[in-house]
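Q: What follows is each chain in one-letter form.
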Amino acid sequence: MIDLITSLTMARKLDFSSGDIKYNGTSLSLIPPQVYVALLKELRKQNKESIIYESSKKTSYDLFSEIGRSKNKTSVGLLSELSTHLNLLSLGEVRLEMHDETNNRYEFVLANSLTAELYGNSDSPVDVQFSGLLAGALSFIASSNIDCEEVECVSTGSKFCKFIASVKK
Amino acid sequence: MSKLFINNQIKFRSGRLEILGVRDSFTPTKTYVEILRQLIVQKKENLIYWSAKDAGVMWFERMARVFPGLRVREAMNWGIDFIALSGWGSAKLERFDIDKKSAVFLLENSSVVRLFGKSDTAIDHLFRGLVAGALTFALKSDIDAVEVSCIARGDKVCKFIFAPKELLVAPEKVMTAQLSKL
Chain F
393 MIDLITSLTM ARKLDFSSGD IKYNGTSLSL IPPQVYVALL KELRKQNKES
443 IIYESSKKTS YDLFSEIGRS KNKTSVGLLS ELSTHLNLLS LGEVRLEMHD
493 ETNNRYEFVL ANSLTAELYG NSDSPVDVQF SGLLAGALSF IASSNIDCEE
543 VECVSTGSKF CKFIASVKK
Chain E
728 MSKLFINNQI KFRSGRLEIL GVRDSFTPTK TYVEILRQLI VQKKENLIYW
778 SAKDAGVMWF ERMARVFPGL RVREAMNWGI DFIALSGWGS AKLERFDIDK
828 KSAVFLLENS SVVRLFGKSD TAIDHLFRGL VAGALTFALK SDIDAVEVSC
878 IARGDKVCKF IFAPKELLVA PEKVMTAQLS KL
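As given, the protein sequences belong to chains F and E, one line each in that order. So for the first sequence, our numbering puts the first residue at 393; every next one is plus one. So for the second sequence, our numbering puts the first residue at 728; every next one is plus one.
A couple of the hints might just be wrong.
[To be verified] Here are the computed lysine-lysine pairs in the PhoX-like style, where the Cα-Cα straight-line distance is at most 20 Å:
{"id": "1", "chain 1": "E", "residue 1": "Lys845", "chain 2": "F", "residue 2": "Lys437"}
{"id": "2", "chain 1": "E", "residue 1": "Lys771", "chain 2": "F", "residue 2": "Lys450"}
{"id": "3", "chain 1": "F", "residue 1": "Lys405", "chain 2": "E", "residue 2": "Lys757"}
[What the hints assert, rightly or not] Across the chosen pairs, the derived CB separations fall in these ranges:
{"id": "4", "chain 1": "E", "residue 1": "Leu797", "chain 2": "F", "residue 2": "Ser409", "range": "21 to 31 Å"}
{"id": "5", "chain 1": "E", "residue 1": "Asn734", "chain 2": "F", "residue 2": "Glu509", "range": "44 to 54 Å"}
{"id": "6", "chain 1": "F", "residue 1": "Ser409", "chain 2": "E", "residue 2": "Val884", "range": "29 to 39 Å"}
{"id": "7", "chain 1": "F", "residue 1": "Asn513", "chain 2": "E", "residue 2": "Arg740", "range": "46 to 56 Å"}
{"id": "8", "chain 1": "F", "residue 1": "Ser409", "chain 2": "E", "residue 2": "Thr848", "range": "54 to 64 Å"}
{"id": "9", "chain 1": "E", "residue 1": "Gly881", "chain 2": "F", "residue 2": "His491", "range": "44 to 54 Å"}
{"id": "10", "chain 1": "E", "residue 1": "Val749", "chain 2": "F", "residue 2": "Thr548", "range": "16 to 26 Å"}
{"id": "11", "chain 1": "F", "residue 1": "Ser462", "chain 2": "E", "residue 2": "Arg789", "range": "16 to 26 Å"}
{"id": "12", "chain 1": "E", "residue 1": "Leu797", "chain 2": "F", "residue 2": "Val468", "range": "15 to 25 Å"}
{"id": "13", "chain 1": "F", "residue 1": "Leu488", "chain 2": "E", "residue 2": "Gln769", "range": "44 to 54 Å"}
{"id": "14", "chain 1": "F", "residue 1": "Gly549", "chain 2": "E", "residue 2": "Val793", "range": "49 to 59 Å"}
{"id": "15", "chain 1": "E", "residue 1": "Lys900", "chain 2": "F", "residue 2": "Glu493", "range": "52 to 62 Å"}
{"id": "16", "chain 1": "E", "residue 1": "Phe794", "chain 2": "F", "residue 2": "Glu446", "range": "36 to 46 Å"}
{"id": "17", "chain 1": "E", "residue 1": "Val749", "chain 2": "F", "residue 2": "Leu488", "range": "57 to 67 Å"}
Everything labelled a hint here was simulated from the structure, so no lab data went into it. These numbers were taken from a predicted model, which means no experiment stands behind them. We put the CB at the ideal spot given by N, CA and C, even for glycine.
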């Protein structure tokens, strides 16, 4: 991963300058995770966590479209790189478990979820941001409006965090 | 950033980022801005300040453990560098009075302001809280902060005053708006 950071920085795809972090043109920030979790809990109380999902989805779509454009990559090529790019955000380690090409359906697992680690016990899955990031990335890759749902979560007592993504009905 | 790498205090591996031995992560700034917008509508944006202040205290506690013997000015320089690394903008220390436990910071190129657009109120609550927390630890005194001018409001600069609450000099409206607890 450290080689990835170095190579991305040298290629100016990851840019730390003038107090800004840009990853393929997308602005990123190091928000203290405990601050993010406090904000997530407040938005959940207001039933407004979809704001995080929708914003993450849009940003991820834009990010992957820039990656695809700058690398002149096919969707197959981008799908194989998706985990690498999302792992860089450091919310945990993601891997693609299943891809049903016929039905445009995907299953992902997120190991060592940072959000779940800090959130603690919950009645419902907590990786809202990660769900949105996956949905946006896959929407670009599949050229379809894909939505993603976290169906298992460490915060609810599952062994790992699992996501199902498919075309929005 | 290079100082942290050289001292082996920033590590990336398998979807896991650690800075000073504690996990951290990158958030698209736009997502944070949308959260901020919603909290402003609900008049709960100070949640950001208070939780960021706690985070700032913790961050400096960590730094003091990893680099024991760090002097206050050195710690503040590290803090300024870290803010730049974190993508919130470039912090500049305009004034610092260690006896009065007060400081004035400017924040240039605020990424939050750039993405938020126009606002009726100051919006750099994350920066305000984190630095208040950092100074609380460094000066061993409960330090609070107000943002007295903000580019999002049409001001020329984002300017912050830090001091113990009873010594903060700012319009009453600003003090009430920015330091009220939830």
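Q: Now tell me if each hint is right for this structure.
A: Now the hints, each set against the structure:
1. E/Lys845 with F/Lys437: 27 Å, violated
2. E/Lys771 with F/Lys450: With Cα atoms ~25 Å apart, E/Lys771 and F/Lys450 exceed 20 Å; violated.
3. F/Lys405 with E/Lys757: Since the Cα atoms of F/Lys405 and E/Lys757 sit roughly 18 Å apart, the hinted pair holds (cutoff 20 Å).
4. E/Leu797 with F/Ser409: 21 to 31 Å: For E/Leu797 and F/Ser409 the Cβ distance comes to about 26 Å; the hint holds.
5. E/Asn734 with F/Glu509: 44 to 54 Å: For F/Glu509 against E/Asn734, whose Cβ atoms are near 25 Å apart, the range 44 to 54 Å is violated.
6. F/Ser409 with E/Val884: 29 to 39 Å: 20 Å, violated
7. F/Asn513 with E/Arg740: 46 to 56 Å: Between F/Asn513 and E/Arg740, where Cβ atoms are some 27 Å apart, the hint is violated.
8. F/Ser409 with E/Thr848: 54 to 64 Å: 29 Å, violated
9. E/Gly881 with F/His491: 44 to 54 Å: Once the Cβ atoms are compared, 50 Å apart, the range 44 to 54 Å for F/His491 and E/Gly881 holds.
10. E/Val749 with F/Thr548: 16 to 26 Å: 25 Å, holds
11. F/Ser462 with E/Arg789: 16 to 26 Å: For E/Arg789 against F/Ser462, whose Cβ atoms are near 36 Å apart, the range 16 to 26 Å is violated.
12. E/Leu797 with F/Val468: 15 to 25 Å: Because 50 Å falls outside the window, the suggested range is violated.
13. F/Leu488 with E/Gln769: 44 to 54 Å: Roughly 37 Å apart at Cβ, these two residues miss the hinted range, so it is violated.
14. F/Gly549 with E/Val793: 49 to 59 Å: 34 Å, violated
15. E/Lys900 with F/Glu493: 52 to 62 Å: 59 Å, holds
16. E/Phe794 with F/Glu446: 36 to 46 Å: 41 Å, holds
17. E/Val749 with F/Leu488: 57 to 67 Å: 29 Å, violated
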